[in-house]
Amino acid sequence: MVRQSLRPLAAASVALALVSLPTCVLPGYADSFDPATQVGPNPVLPEPQQYLFPPMRLARVVGWKEGETPTVAQGLKIEALARNLQHPRSLYVLPNGDILVVESKSPNVQPIRRPKDIIMGWVESWVTSGGETGESNRITLLRDANGDGKPETRSVFLDHLASPFGVALVGSDLYVANTDAIVRYPYAAGDTKITADGTRLTPLPGGPIDHHWTKSLAASRDGAMLYVGVGSNSNITENGLEAEKNRAAIWEVERASGRWRIFASGLRNPNGLTFEPESGALWAVVNERDELGPDLVPDYMTAVKDGAFYGWPYSYFGQHLDPRVKPQRPDLVEKAVVPDYSLGSHVAPLGLAFYTADSLPQKYRGGAFVGEHGSWDRQQFSGYKIVFVPFKGGHPDGKAEDVVTGFLNANGEARGRPVGVAIDRTGALLIADDVGNTVWRVTPAGQ
Amino acid sequence: MIQDNIDTTTRQPIYPLLAAFAASCLLGTLATDIVYWWTADIIWADFSDWLVSAGVIVGWVTVIVALIEIFALRSARFRQRSRAYASAMVLALIVIALILATIDMLVHTRDAWTSVVPWGVILSAAVAALVLVTAYLSRITDAPAAIEVTG
Numbered sequence: 486m487v488r489q490s491l492r493p494l495a496a497a498s499v500a501l502a503l504v505s506l507p508t509c510v511l512p513g514y515a516d517s518f519d520p521a522t523q524v525g526p527n528p529v530l531p532e533p534q535q536y537l538f539p540p541m542r543l544a545r546v547v548g549w550k551e552g553e554t555p556t557v558a559q560g561l562k563i564e565a566l567a568r569n570l571q572h573p574r575s576l577y578v579l580p581n582g583d584i585l586v587v588e589s590k591s592p593n594v595q596p597i598r599r600p601k602d603i604i605m606g607w608v609e610s611w612v613t614s615g616g617e618t619g620e621s622n623r624i625t626l627l628r629d630a631n632g633d634g635k636p637e638t639r640s641v642f643l644d645h646l647a648s649p650f651g652v653a654l655v656g657s658d659l660y661v662a663n664t665d666a667i668v669r670y671p672y673a674a675g676d677t678k679i680t681a682d683g684t685r686l687t688p689l690p691g692g693p694i695d696h697h698w699t700k701s702l703a704a705s706r707d708g709a710m711l712y713v714g715v716g717s718n719s720n721i722t723e724n725g726l727e728a729e730k731n732r733a734a735i736w737e738v739e740r741a742s743g744r745w746r747i748f749a750s751g752l753r754n755p756n757g758l759t760f761e762p763e764s765g766a767l768w769a770v771v772n773e774r775d776e777l778g779p780d781l782v783p784d785y786m787t788a789v790k791d792g793a794f795y796g797w798p799y800s801y802f803g804q805h806l807d808p809r810v811k812p813q814r815p816d817l818v819e820k821a822v823v824p825d826y827s828l829g830s831h832v833a834p835l836g837l838a839f840y841t842a843d844s845l846p847q848k849y850r851g852g853a854f855v856g857e858h859g860s861w862d863r864q865q866f867s868g869y870k871i872v873f874v875p876f877k878g879g880h881p882d883g884k885a886e887d888v889v890t891g892f893l894n895a896n897g898e899a900r901g902r903p904v905g906v907a908i909d910r911t912g913a914l915l916i917a918d919d920v921g922n923t924v925w926r927v928t929p930a931g932q
Numbered sequence: 055m056i057q058d059n060i061d062t063t064t065r066q067p068i069y070p071l072l073a074a075f076a077a078s079c080l081l082g083t084l085a086t087d088i089v090y091w092w093t094a095d096i097i098w099a100d101f102s103d104w105l106v107s108a109g110v111i112v113g114w115v116t117v118i119v120a121l122i123e124i125f126a127l128r129s130a131r132f133r134q135r136s137r138a139y140a141s142a143m144v145l146a147l148i149v150i151a152l153i154l155a156t157i158d159m160l161v162h163t164r165d166a167w168t169s170v171v172p173w174g175v176i177l178s179a180a181v182a183a184l185v186l187v188t189a190y191l192s193r194i195t196d197a198p199a200a201i202e203v204t205g
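Chains Z and G supply the protein sequences, listed in that same order. As numbered in our numbering, the first sequence has no gaps in its residue numbers, which increase by one up to the final residue, 932. As numbered in our numbering, the second sequence has no gaps in its residue numbers, which increase by one up to the final residue, 205.
Calculated from the structure, these hints are not laboratory results. In this text, a Cβ means the ideal position worked out from N, Cα and C, and glycines have one as well. One should not assume that every hint holds.
If the Cβ cut is set under 7 Å, some of the chain Z residues that face chain G in the computed set are [what the hints assert, rightly or not]: (1) Gln535; (2) Leu537; (3) Arg599; (4) Pro600; (5) Asn720; (6) Thr722; (7) Glu723.
Some chain Z residues well away from chain G (every beta-carbon gap over 12 Å; in silico) [claimed, not checked]: (8) Phe518; (9) Thr677; (10) Thr890.
Looking at chain G on its own, in the form it has when it is part of the complex:
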């Protein structure tokens, strides 16, 4: 029993940290997209471009790390069925958000106005909404963000 406790405290999952980074970037993209839409000042489109690219790349890394930490390391909490369903739903929402964000990233590789308006800002808004919903669901279900990985 003592051994178990040590394991749970020393082996915290790292994917929630990555998820927070990716989520911040993807929410930021919506903000900079909106400013570009209002100002047509290209520097805001450049900001968006970096944010969405970082959000997408770190986002997919997060999913891979999360899958390893949740399944490969076999969290004890997943033995509880309701938690497993909730976590799966959250993960699915994250994957959908990332697919949309990936398309958004490609839209942002266009040049000037149409890299953002209209499809860039629409996709960024959809991604931001999904990120917020996912964050809220993670909080009330306490999963997957709060899962401790046990050895």
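Pulled out of the complex, with its shape left as it was, chain Z reads as follows:
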């Protein structure tokens, strides 16, 4: 009897749930949007959407099997320069041709402020590590003096660092951007190991929350200034505005004194700081915000103008307001600069290198290689490749094209994920593959 009287009400409840859930969830899953319309200077921006379950697809890390390599565009060849590294994230080529591989891991200091942090921590560990992990947070030096792609020596150059990312050499001063400070070390040409203690030049925003922890680094041509990328401390201010102090910005640090100022702001997670060879302008690749839909917000590359504000957190691509930010700042939104070149939503660009050498095919000269770490916040994967953006007169000129792909296998599992890119002394393109624990080297085919 009890069960009979319960039945209609229970049925009504279930019906209510079935009706209400899909209407909130389904629109984003029926994704007919063409991601190609978001590559270039004027991306198509659909209306923002919010979800009960944001569309999500994670690439389980499986690693590279014997003999497997990424796929390269015609006219190119790829080989591993070094394997069995520990989460290599960025690369720096010293003047004598030695290659520094920055192996780095998240500081993992983010406190659990709310239940979602537990879930997201799990999601992140699922897609950024390939199981057992050894020593990281160090820099490995590779020396390939004859340029055959097979390093003769490999040594631990610097060890026990604090989640390092950027490296810059000015004269005999080698700067390492740890997540919490820029540290200077004495370097002499030919060194394969630095034993001296570092000197802290400038502290950078690290913990207690350290959401976007990679600090990209570049030195000005005259060596007087260092530029540091300092990512935001949240997706979209959910850790509070106070946690964002001096973040989502590129800092300009005076090398002699360590004094700094905000050079440009509103850049959610700027990486790959590099000077464009023709114009001399500072460029960066920037990771934009998540959870507004599979096709928002496109990540981008842009010339970074002194004093400019690029929108985060209040708006994106100029004056497109983010509904999740309160209080809003119309005064800032009004002057938000539209970035130069959209790379596509959730591709996660982390590496940028301009091609000034001449060994790769002619069409690559003067353009930019971008390392796209790959998406999690959409149903169809995006990124997981190296693209090439042609440049002319110091500005992007034309569609980005794929150069290195195949980081995902046919089952949508990650064999590797590209991060930092660099050009070695022979003009080959180097790629740091963090979950594949490999540095790849791209050379002209038939060489």
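Following the hints, complete the assembly by docking chain G onto the known chain Z.
Same frame as chain Z, but now just chain G:
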């Protein structure tokens, strides 16, 4: 007869205790949602997030425990038809409140302002209203919260 009395006193149902915990969390969510709405200070959204999550999880556990205690253990009081209807109605209201609270919990997993305004606070208010109505009905019908589970 003596044996029966011992059973009723030693085997009190535990689901009313769980229900009180879940109800407190879900009512608290409305309070912290409103403060976030007024202040935009993110710590109140974080409080809401914990409260609604705890309320939902403990709430569903309460329903499962209540069903076991009421039906599996076959309360003598359910043999009385009017009481059974009243209890069923209360239980149905609780299930509806929990479905809404579950949606509310998912809304609260969004980041910053829209995790609360407008849908979070609207759902929290609806859930709080249902919780209060349910509590009132439980009191006047003396069921299911006051049912003793007999062996």
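Q.
Hint by hint, where does the structure go against what was stated? Just the numbers, ascending.
A. Going through the list in order, the structure violates no hint and respects every one.
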